[in-house]
Amino acid sequence: MKNEKSTYLFFRLHDEIFGVNVNNIVESIEMQELTPIPHTPEFMKGVFVFRGHVVPVIDLRKKFMIEEAPPGQKRYIIISSFEIKEEQQTMGFIVDKLIDVVSLSEYDINDFPEIGSRYNIEFVKGVVKYKDELTIILNIEKILSSVEADIIKKATSNVNSEAHKQEENE
Amino acid sequence: MYEDLKNEFISEVKDLLAKTEQNLLLLEQDAQNKKLVEDIFRSMHTIKGSAGIYGYTKTVEVAHTFENLFSLIRDDKLSVDNKIISLALKAVDVLSSLITAKSEEDIPASVIQELMDEIDIINSQIKESKNIEKKSDKPLGTYYILFEPNADITERGIKIDTLLSDFDSFEHKIITKYTDKERKAQGKLEDFYEIIVASQYSADDLKAIFLFTPNEVQITQIADFNLFDDEKFLDFYQKAVKTLTTDSQRLELLKNYADKAKERIAQQSHAENKNEPEAPQKASKTIIGHDEIKQVIDEAKQKYLQYIKVPAKRLDLLLSLVSELIISNSQLAENTVKRDYEQILQLSESISKIINEIKETTLHLRLIEIKTILPPYYRLIRDLTLKLGKKVDFIVEGTDTHIDKTIVDKISMPVMHILRNAIDHGIETPEERRKKGKRETGIIRFISYYSNVNVIIQIQDDGRGIDPQKVRQVAIEKGFINADAKLSKKEIYDLLFLPGFTMAKEITDISGRGVGMDAIKNAILDLRGDIEIDSEVDLGTSITIKLPLTLSIIETLHVSSGKMHFLVPLSNIIRCEKVDLSKLQKHSGQRIVFEDKIIPYIDIAEYFGIQGNHGNERQMLLINGGHQAFALFFDKIYGEYQAVIKNLGPIFNNLDIFVGASILGNGSVAYIIDTYKLQKKFLRNTLNINQNI
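Protein sequences, first through last, are from chains A and B. Under our numbering, the first residue of the first sequence carries the number 1, and numbering increases by one thereafter. Under our numbering, the first residue of the second sequence carries the number 1, and numbering increases by one thereafter.
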């Protein structure tokens, strides 16, 4: 149903507003202390314990290649959960500020103007107007599959560099 | 909901098929065992019944044919031989593929047809000879069966035609369909059926036919002899009985007729049989007992079959522990209000004790007996030995060893390959064995037992063994080792696990087609286990698999490097040693000389790029890496830690240097290092390097 409404969580990253469907969102919490995960891409900020689970966290600024947040700025983690390959993947996303919860139908979401965009079109579901500001509705599943590809790339590049290093030493 | 039920149905049928397969193999050894025949017959009957409910029409068809075949065996019209068993095993295979396939349509019709044709041939042979055997098969009585299906019978997936076709095997029967429109009001079908049948079974036994409709059938014995022997009976039924309007009237009339007929027949047969003594085998004929039928019906009622069978005792224990926990918890709340610190301390201690016990008990719920993986092996050994003309006794010891269900599922294939190798390459042909002075029949032993926190599975054969000199020769020829390499016997056998290493001169149909020992080893290592080969020429080969009891908990050593904490599986650590980096004797590459051996090392701080001043002192963990030991350097050792493994999720599956993460006592996260994968990633270039100094 195109005119069926679903709920979106709007948040701020740097100077832009983004929205995600709340269907897969578990909870939003204040920033936590994270334990880094070795041999993962830079945007993979680490893991923390949430309700007995070890949850990995992505910095969306880093993932979207937006400049880093100023030190000391209060930030938040949106915890979401998806089914990937018949397994549950819980993942946290670091954002700057939680703004609003909005009800939208498919009709409200417009196509994304490709020109002049600095975001990977894959990650974007569309755009809506929110209080005269252009808000980008994200497709989190797509972001996650790109994250997986990044992790694999990083893991294999580590192997290659190690092998390279060994050869050099010999 | 429907999907759940269907999954349960599939798992139930799989269980029944596995049981049937095993029963068939036992029956081959013990052809006279009527209980086995009965078991097989009942399993097929249950499969037929429930498959109908879930719309598996082809399964119903095959199971029905199969069941008929076994009813012939049960009735002594057909004797069990090698051919019948092979055919029945084939039927089990077809049924199992039908049930496992996404849709029955995926299984080619030709496969089913071929099987049905083969069974039909046997059936028709029996029918031809039926007349000769007829005499020994005197029915016990004649029954009046009133079958009044409920209106929802088709919705329940029961086909009346299929159900009634069960009477096909009875020689004397009349099935009449009546229609009564008023029945609709009582929630019945308009159509109902009257069956008059002469059978050697009791009324209770006949009830088994109506296993899934027990409340819609009434069975009354109208005579204790075969009423069809009375010449006038059929005529009487057609002309008199059928004209009556209600079933009770018809039953009454039939009973009267039977009483009169009894006297007549008694006189007749008395005259005929005067000089013929009673055939003794009549008395010994196996008839399904009442209790067994009851059991079938009970089993059918247990539709909601468990996936893991758990002894009730364990659940009771768990329940009592939980109630203990609840009590302690409320006491804790009470004492917290009172601020009685001493009490709180005591309670907190007792709570952690209870939690520990709950943890242990819960873990045990996942453990199942290792014998559940055995049935396919009996089949494999039977088929392979027949094909290769070898003789093998399969001896199993310690089948009540318990192990995690996930491990049991994953260990099945590797063991299958090992058994295959043992029969194909290990066990000699009977002639060869005779020449060597061995017993013609070889022995393969499957032994399992506990050893600390591990389960050991050993597969031994008394075949020709593996000659270490030959392995060495092949390894040199193929460039796996240098010609002057000095290897111990164990190290030589370890070569067999290297990828691409094969001793097979020719590839046979049975083994040597790519699934080598390295694949087996990888599967075992994935389960955090280990595998070893030992062998003596002409005495045999023994393969030992070491497996963890469970996959969700792992015994580790808690270490750290800078601020990062890690857990290293204890079973992989040979020993720990404090070293000074500046004093270590470095060798070329990432290697050090340690106690006259060159071993590769990984400094975790450097490898993971962990910041901070680590100094020169390191804790060196010497890790057992299969082909070669290697060292891991950490900053600090904390002690042993029993880690519950937490996964980071599917998208991190490729980050395989970690088994997972675990939560430490202080709530922080530590990664569990997969030493095997780490070794493979980091040290794979050094694998083929000469292992000696």
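Treat the hints as calculated values from the structure; they're not laboratory data. Please read all numbers here as calculations on a predicted model, not as lab measurements. Quick reminder that beta carbons are idealized off the backbone N, C-alpha and C, glycines included. One or more hints might be untrue.
Said to hold, decoys possible - Taking lysine-lysine and the DSSO-like style, the derived pairs with C-alpha atoms no more than 30 Å apart in a straight line are:
#, chain 1, residue 1, chain 2, residue 2
1, A, Lys-74, B, Lys-184
2, A, Lys-85, B, Lys-255
3, B, Lys-102, A, Lys-85
4, B, Lys-646, A, Lys-154
5, A, Lys-154, B, Lys-681
6, B, Lys-255, B, Lys-184
Stated by the list, open to error - Among chain B residues calculated to face chain A with C-beta under 7 Å, some are:
#, residue
7, Val-644
8, Lys-646
9, Leu-664
10, Gly-667
11, Val-669
Right, here's what the structure says about each hint:
At most 30 Å may separate the alpha-carbon atoms for a hinted pair to count; Lys-74 of chain A and Lys-184 of chain B exceed this at roughly 73 Å. Pair hint Lys-85 of chain A plus Lys-255 of chain B does not hold up; C-alpha atoms about 67 Å apart against a cutoff of 30 Å. A C-alpha spacing of about 19 Å is found between Lys-102 of chain B and Lys-85 of chain A, which places the hinted pair at or below 30 Å, so the restraint holds. The straight-line distance between the Cα atoms of Lys-646 of chain B and Lys-154 of chain A is roughly 22 Å, inside the 30 Å bound, and the hint therefore holds.
The straight-line distance between the Cα atoms of Lys-154 of chain A and Lys-681 of chain B is roughly 13 Å, inside the 30 Å bound, and the hint therefore holds. Taken as a hint, the Lys-255 of chain B and Lys-184 of chain B pair is honoured in the structure, with Cα atoms around 28 Å apart against an allowance of 30 Å. For Val-644 of chain B, the suggested interface contact is broken, since its CB lies about 9 Å from the closest CB of chain A, more than 7 Å. At about 4 Å, the closest approach between the beta carbon of Lys-646 of chain B and any beta carbon in chain A falls short of 7 Å, and the interface hint on this residue holds.
The restraint placing Leu-664 of chain B at the interface with chain A is violated, with a minimum CB-CB distance near 9 Å, outside the 7 Å limit. Here the hint on Gly-667 of chain B is kept, as its CB sits about 6 Å from the closest CB of chain A, short of 7 Å. Look at Val-669 of chain B: its Cβ gets to within about 4 Å of chain A, closer than 7 Å, so that hint holds up.
Hint compliance for this structure: hints 1, 2, 7, 9 are broken, all remaining hints hold.
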